[in-house]
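Going down the list, the protein sequences come from chains A and B.
Under full-length UniProt numbering, the first residue of the first sequence is numbered 1, with each subsequent residue one higher.
Under full-length UniProt numbering, the first residue of the second sequence is numbered 1, with each subsequent residue one higher.
Simulated from the structure, these hints should not be mistaken for lab results.
Check each hint, because a few of them may be wrong.
To be verified - Far from chain A by the CB rule (all over 12 Å, computed), these chain B residues:
1) Leu20
2) Thr56
3) Pro77
4) His79
5) Thr89
6) Gln121
7) Asp129
8) Asn137
9) Ile143
10) Ala159
11) His165
12) Arg166
13) Ala221
14) Pro233
15) Glu323
16) Pro345
Said to hold, decoys possible - If we take Cβ atoms under 7 Å as the criterion, some of the chain A residues that face chain B in the derived model are:
17) Glu7
18) Trp42
19) Pro45
20) Leu48
21) Gly189
22) Gly392
23) Ser406
24) Val419
25) Gly422
26) Ala435
As the list claims (entries may be wrong) - Over 10 Å on every C-beta distance to chain A, these chain B residues come out as not near it, computed from the model:
27) Leu71
28) Leu114
29) His160
30) Asn187
31) Pro267
32) Lys353
33) Met363
Note that this is a predicted model, so its numbers are computed, not measured.
Ideal Cβ placement from N, Cα and C applies to all residues, glycine included.
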Amino acid sequence: MVFASLEFLTLFLPLFFAFYVATPQHYRNHTLLVGSWLFYAWWTPKFLLLIITLTVLAWGAAILIDKSHNEQRKTRIMATAIVLNLASLVWYKYTNMVVQSLNTLLTGHDLPPIPWVNVMLPIGLSFTVLHAISYLVDVRRKTVECQYSLISFSAYMAMFGHLIAGPIVRYKVIDKELRDRVFSVQEFGAGVKRFMIGFSMKVLIADTLSPVVSLAFGLQNPSFVDAWVGCAAYTLQLFFDFAGYSAMAIGLGLMMGFKFQENFNHPYLAVSIQDFWRRWHMTLSSWLRDYLYISLGGNRFGVTRTYVNLMLTMAIGGLWHGGDNWNYLIWGIIQGSALCVDRAYTLRGHSMPNYASRTLTLLVVMLAWTVFRASGWDQAMHMLTGQFGLNGFAMGDAIALALRPSILVTFLIGLVCVVYPGTKFAERGGLNAPAWSNIWPILTFAYAVMVLAGQKAIPFLYFQF
Amino acid sequence: MSTTDKSNEAASKTPHRLALLPAAMFVVMMLAGLGVTVQSLRNVPESAWAGFTEPTKLLGGESTRQFTSNLNDHFLPSHFFAQVERAVTWTLVGDTGAQVGTGCSDWFFLTEELETFPHPQQSAQARADIVAAVAKNLKAQGIDLVVALVPDKTRIEQAHLCGLHRSPLFAQRLSQWQTALTQAGVNVLNLEPVLSALPGERYYRTDSHWNESGSDAAALAIAKHLKGASGVPSAEAAQMNRQTADRPGDLFRLSNLEGLPALLRPPVEKAQITTLAAAPAVPAAGADDLFGDAALPTVVVVGTSFSRTSNFVPFLSHYMGAEVANLAKDGGNFEGSALAYLGSPTFEQTPPKTIVWEVPERMLQKPLSKAEQQWMRDLKLRPAH
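Excised from the complex, chain A in its bound form:
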């Protein structure tokens, strides 16, 4: 089930909250768990078993770690549980890609390909694995208290707000609320507002731009204008889709009394790549920092090792995003390289004016998005060739036709929303005037629901990750 769907808005959500509010406080995790499993099972019920298995594995391993008095044994248990989690991720997410690449090599040398039926990727598996790993490591590091209640731990892992597309909510963030929280009308109201804003971002902006993006990335020889229109539309689509989803997740959490971390902080206003990663998918970047970069040694072992660790962290982070082609790995390497250059440049005492560094950062981010969005290396090269002006300059027929008035206006609104936080109007309070700030989310949400009900829902981009 997706948030931006009729069955979620008009069936699941009202029924879930009716049961949730009616449930005595002590049993609300039970209601949350059952609701979340139903939410997950709506997609493919058989994969629920996998999620439950990984949950029980992490829960049991954490208890063993907590109860053990032998430090080496604790580490062994943690390592085993992490390896099992990663094994499931590798099997479901990367085996197809590896076998297909091997088969390309084999057939290229006139050898018979490996017979293979593609493995289907369960939605949300990547997030489930990251949640499990962070919990296990935190229990091992003793930075969180072990959760002995299987129901409460399962509710944390399966919580429908973050289950399928994040944000990555570390256990310690909601530990207290899992054990004891109250239903507050004020928080429910604040959550509703976040949900409404996120829903509108997804339906009114991301989904509207989606056809232009698909069209541009499907062109064989996009011109300079075609390629940049497609890339810019994707830059906005991805942000409004993912940040919208995160806002909905945060809103749903708030409605139930959970306070998730923010996941975005105006990333396209970043003044460097490092700054970008402090603003984009913040729960992932901090996860990568705390559980991967630091585990690799961080910057504690000299300059060269620091650069190697940066590259490795971002490459693995890139690979985590997708298992259907190698572009994600390349995208991760581009991000890692940019971070290394940024670090070296800054360490040598260089700097540049904000407008220049912002523009340069956005340019690197956008070129990297091209690789990220492309369905394969060939498509990425078609787009990049266009972006570097090697297919001519003028706008092509297909893009000219696709840029209808409503698309252009949506593009403009998206751009204004991205730039708006950096303006003086926003600094003076802008749209946050008390009355208006409670009215415009209702209006946009109502309109977005009408738009949604008039068409078929488009899946979230981040489902595949």
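Add chain B to chain A, keeping to what the hints say.
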């Protein structure tokens, strides 16, 4: 501080009553939504739930997808919501949706006419090959085939495009296809010169088809092509009644503007609607007409909605001086009605003397449908690409 942080901070300072407004509205909307959903699900026909409870479908998620599809297809206010959306986007930015482009005021065009497709030349050539093969087969049976090429509205009425982009690559697509057919020995009539030379409006403003002026001129041109100029009667002789009436076109419906209050949509088009006298009866059957087939029309039209709009076939019947059978199909695409007719018992048992195959320009370069590909295989033609 992020926008959302500021938003929350502002909300915390808001008077209690206003802060709860989103929550109150949300609850109302969700409850209303629940009620509408339950009612909508009651309207889903039983046949749409076929196989819903099969265990394999349930476990594989097919049942829930079926549920989603049924709900989306039968959600009661869907049409109303889509109209509200159109009213908003039309009023604010003049948008008519993905399928309809807006030209000068009140002039709408079908986006499909402006679309570019991959491998356009190969697709057009493949269709020319199909027509050539069909013409050859018909000739062997003593049947004449005439292909009538209908130019795009965006070509004939391009003065009203007003910035709507039409690819320069389309300039030659009609004449190139005509040339390909002529070289293959097919009898082809390009209606573009006739319609271009016609004064006034040749196509409806809010419809993708020709108006009566256009269809009349096209029918006359085809009749002259078939019979020669001398034997064609005048148009006036057939007219019984001619009046002007409101005629919201298909583009009006396609853009979801139909049904909106007058203030929120462009004006409904007024068009000429003619009632024609019946075509002259076919001579009575003679003594040797065992099955009565001498009374069947000898000219058959196959093609698309162009042949079913604006009295095209009645006009043609009049100019031919005989009844013309109209076997064209709405939404028939290039192959739809021709393929159906040529494979029908009607054709086999009572073949006509002449078939007029009306082909709209916008069909020529589209990728071949599965049916067309199969037709090519049946005709033993080489695949297009």
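Right, here's what the structure says about each hint:
1. Leu20: Incorrect as stated: the minimum Cβ-Cβ distance to chain A is 5 Å, not above 12 Å.
2. Thr56: violated (10 Å)
3. Pro77: Nearest chain A Cβ is 6 Å from Pro77/B, so the label is violated.
4. His79: The assertion about His79/B is violated, with a minimum of 8 Å to chain A.
5. Thr89: Violated, since 5 Å does not exceed 12 Å.
6. Gln121: Since the minimum Cβ distance to chain A is about 14 Å, Gln121/B lies beyond 12 Å and the statement holds.
7. Asp129: holds (24 Å)
8. Asn137: Answer for Asn137/B: holds, closest chain A Cβ roughly 36 Å.
9. Ile143: At roughly 39 Å from the nearest Cβ of chain A, Ile143/B sits farther out than 12 Å, so the non-interface label holds.
10. Ala159: Given that every Cβ of chain A is farther than 12 Å from that of Ala159/B, nearest at about 19 Å, it holds.
11. His165: violated (4 Å)
12. Arg166: It is violated; Arg166/B is separated from chain A by about 8 Å at its closest Cβ, not greater than 12 Å.
13. Ala221: Check passes; 30 Å lies beyond 12 Å.
14. Pro233: holds (43 Å)
15. Glu323: holds (42 Å)
16. Pro345: Nearest chain A Cβ is 40 Å from Pro345/B, so the label holds.
17. Glu7: holds (6 Å)
18. Trp42: Holds, because the Cβ-Cβ distance from Trp42/A to chain B comes to roughly 5 Å (cut-off 7 Å).
19. Pro45: holds (5 Å)
20. Leu48: Interface hint status for Leu48/A: violated (10 Å vs cutoff 7 Å).
21. Gly189: It holds, given that the least Cβ distance between Gly189/A and chain B is near 4 Å, below 7 Å.
22. Gly392: violated (14 Å)
23. Ser406: holds (4 Å)
24. Val419: With a minimum Cβ separation of about 12 Å from chain B (threshold 7 Å), the hint on Val419/A is violated.
25. Gly422: violated (11 Å)
26. Ala435: At about 6 Å, which falls below the 7 Å cut-off, the nearest Cβ of chain B leaves the hint on Ala435/A intact, so it holds.
27. Leu71: violated (5 Å)
28. Leu114: violated (5 Å)
29. His160: holds (17 Å)
30. Asn187: It holds; Asn187/B is separated from chain A by about 32 Å at its closest Cβ, greater than 10 Å.
31. Pro267: holds (20 Å)
32. Lys353: holds (42 Å)
33. Met363: holds (18 Å)
The structure shown violates the earlier hints numbered 1, 2, 3, 4, 5, 11, 12, 20, 22, 24, 25, 27 and 28.
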